[in-house]
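Residue numbers (the working numbering), protein chains in the order written: chain A, 175 to 475; chain B, 502 to 738.
Please keep in mind that the hints were generated in silico from the structure rather than gathered at the bench. Some hints here could point you the wrong way.
[To be verified] Derived DSBU-like pairs (lysine-lysine); straight-line CA-CA distance at most 30 Å: (1) K661(B) <-> K345(A); (2) K661(B) <-> K192(A); (3) K341(A) <-> K570(B); (4) K415(A) <-> K341(A); (5) K560(B) <-> K280(A); (6) K435(A) <-> K448(A); (7) K560(B) <-> K297(A); (8) K301(A) <-> K339(A); (9) K560(B) <-> K293(A); (10) K286(A) <-> K661(B); (11) K179(A) <-> K560(B); (12) K339(A) <-> K661(B); (13) K364(A) <-> K661(B); (14) K560(B) <-> K278(A).
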Amino acid sequence: MISVKNIYKNFGTLSVLKGVSLEIEKGEKIVIIGPSGSGKSTFLRCMNLLEEPTYGEVWVDDDLVTPIDPYLHADVIKASNTFGKMAAEAGEAADADAIIKEIKEKDLLNEKHEGSQYKKLMKRLFKENALDVNLARQRIGMVFQQFNLFNNLTVLDNITLAPIKLKNISKAEAEERAFQLLDRIGLRDKAQVFPAMLSGGQKQRIAIVRALAMDPEIMLFDEPTSALDPEMVGEVLDVMKELARTGMTMVVVTHEMGFAKEVGTRLLFMDEGKILEDAPPKEFFDAPKTQRAQEFLSKVL
Amino acid sequence: MDFIGKFKKLWNALFIKGSGDGYMRVLTGLRNTVIIAVCGLLIGIVIGTLIAVVRVVPKTNRALRALDKLCTLYVAFFRGTPMVVQLLLGYFVLLPLMGVKLSSLMVCVLIFGLNSGAYVSEIMRSGLLSVDVGQTEAGRALGLSFSQTMTRIVVPQAVKNILPTLGNEFITLIKETSIVSFVGAVDLYSAFNYIGSANYEYMLPYLAMAVIYIIMVLGISGLIKLMERRLRKGDKR
Ligand SMILES: Nc1ncnc2c1ncn2[C@@H]1O[C@H](COP(=O)(O)OP(=O)(O)O)[C@@H](O)[C@H]1O
Ligand SMILES: [Mg+2]
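This is chain A alone, in the form it adopts within the complex (with noise of 0.2 Å):
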């Protein structure tokens, strides 16, 4: 459904994602652990392209969600001036394989010298490729560890606005269906009170169903308990665990062990940019493989 193809992301010099790749199916229950600092939101916000990768690419379905990463697309490579250069310099012996294996690993391309070759056949990729940042974030929904309901909306308001603007609905629709979304969490009630009146608990179940109201295909949860008080922590994993029994598509960063193995059909441990291990949860949590996992597991558990 989502494919990750070769993520890496840089800030300035800081290398945060180190080469992640991930395909997530229908219907699966991604759980991402990992220490503080390792790039766990990072990895969400590309998903999504709140941040663009540096390099790497994201397809949603068929479609291409980031721009195209020429290091995928050997034909791209092979359009490109400095591989002609390489090629002709090999001469006879040339070994077309181990020309781009040589580009790829030390980042040899420059888009500014690639020619017209490389740069007619990078655009018509993207072309072909290419959805509408907009249109795949509608498929993808998102829900934040600070909430971020829209302080100046009312409750209703927060949940209606992006459903009235880009799915073509009426008003009076989109409320009606926010009204059910919000019985499903017990809500209803709220429906008129701007989201400063509200604990932490029913901010963040607002948030959810306020990403649901779009209907997407698949849930981004980025630590959706990490800023609340204990107490309310349990009613938005009740929501979460619901949504998990609709069949919903869910990658979730949290440090909520539990939920971890009760939900989850995947469990990913990530350190310093990289996706260290994939396995079910109960492998993951009887016998981790990696030595950073161990020492992660030993503090946390």
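On the provided structure of chain A, position chain B with the ligands as indicated by the hints.
Leaving out everything else, chain B with the ligands in the frame of chain A:
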């Protein structure tokens, strides 16, 4: 000093002498002052918001960077020269060069708007930056475009945060209107100046002018305070 005599003269100039065109002038001046300040601020808010948005968006391409430079220049010019100079340039240089005919009142409104745009852009920029980036990210993550997120979520919150400062800008504009007679527009100053010159008696007319300015400014300050309190009640954060 003969206060009674002076007062009589003012009274006559205002309401009796020359079929009472004194108080008509004062009213016209008052009306112009309000028109220039209100319209100037409205134009200023529109221009200022646009400039502020240009200045806070990530500069992803060359066009945006050029636009940003242009805005910087604009702000530097209008903040770096006296408004009288801008007014004179507009009325006596720009208009004739462009071959456009506008009333002096219109020119004042335009120049005040352009000038205010420079100041409002700085106010608005700090307002936009005061809105948590999480608000923008939540909007964009839902699939809303940059402009939809700005107009529905970020700008309304920014405006709320800067309302008191905008009120101060309005007061500044009200006070600045006392220069519009440089291009021949009637304002409070020129009205009372006319009354004073009618019988070479300036003391009370200028005193009256000061009183009217003070009353206006105090009134507006009061309104701003009221609005602030109202708004604060709305969000217990
Ligand atoms: N916008 C940014 N600019 C610079 N550095 C950033 C930015 N966002 C994240 N980082 C850095 O990237 C690293 C990984 O951050 P993050 O993805 O938030 O990790 P996690 O969510 O696993 O705690 C951290 O060192 C953080 O300081
Ligand atoms: Mg994080």
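Verification of the supplied hints:
Using a Cα cut-off of 30 Å, the hinted pair K661(B) and K345(A) holds, with the two alpha carbons roughly 26 Å apart. Taking the CA atoms of K661(B) and K192(A), the gap is about 42 Å. The hint is violated against a cut of 30 Å. The straight-line distance between the Cα atoms of K341(A) and K570(B) is roughly 37 Å, outside the 30 Å bound, and the hint therefore fails. Proximity of K415(A) to K341(A) is assessed by CA-CA distance (about 27 Å); at most 30 Å being required, the pair is judged to hold.
Annotation: proposed proximity of K560(B) to K280(A) holds, straight-line Cα distance about 29 Å (limit 30 Å). Between K435(A) and K448(A) the CA atoms are separated by roughly 22 Å; this keeps the pair inside 30 Å, and the hint holds. About 22 Å separates the Cα atoms of K560(B) and K297(A), which keeps this hinted pair within 30 Å; it holds. The hinted pair formed by K301(A) and K339(A) meets the criterion: a straight-line CA distance of about 26 Å does not exceed 30 Å.
A hinted pair counts as satisfied when its Cα atoms are at most 30 Å apart, and K560(B) with K293(A) qualifies at roughly 23 Å. For the hint pairing K286(A) with K661(B), the CA-to-CA distance comes to about 45 Å; that exceeds 30 Å, so the pair is violated. Restraint check: the Cα-Cα separation between K179(A) and K560(B) comes to about 27 Å, which is no more than 30 Å; the hinted pair holds. Restraint check for K339(A) and K661(B): the C-alpha separation of about 23 Å stays at or below 30 Å, so the hint holds.
A hinted pair counts as satisfied when its Cα atoms are at most 30 Å apart, and K364(A) with K661(B) qualifies at roughly 23 Å. Annotation: proposed proximity of K560(B) to K278(A) holds, straight-line Cα distance about 29 Å (limit 30 Å).
Hints 2, 3, 10 from the list above are not met by this structure, while the remaining hints are.
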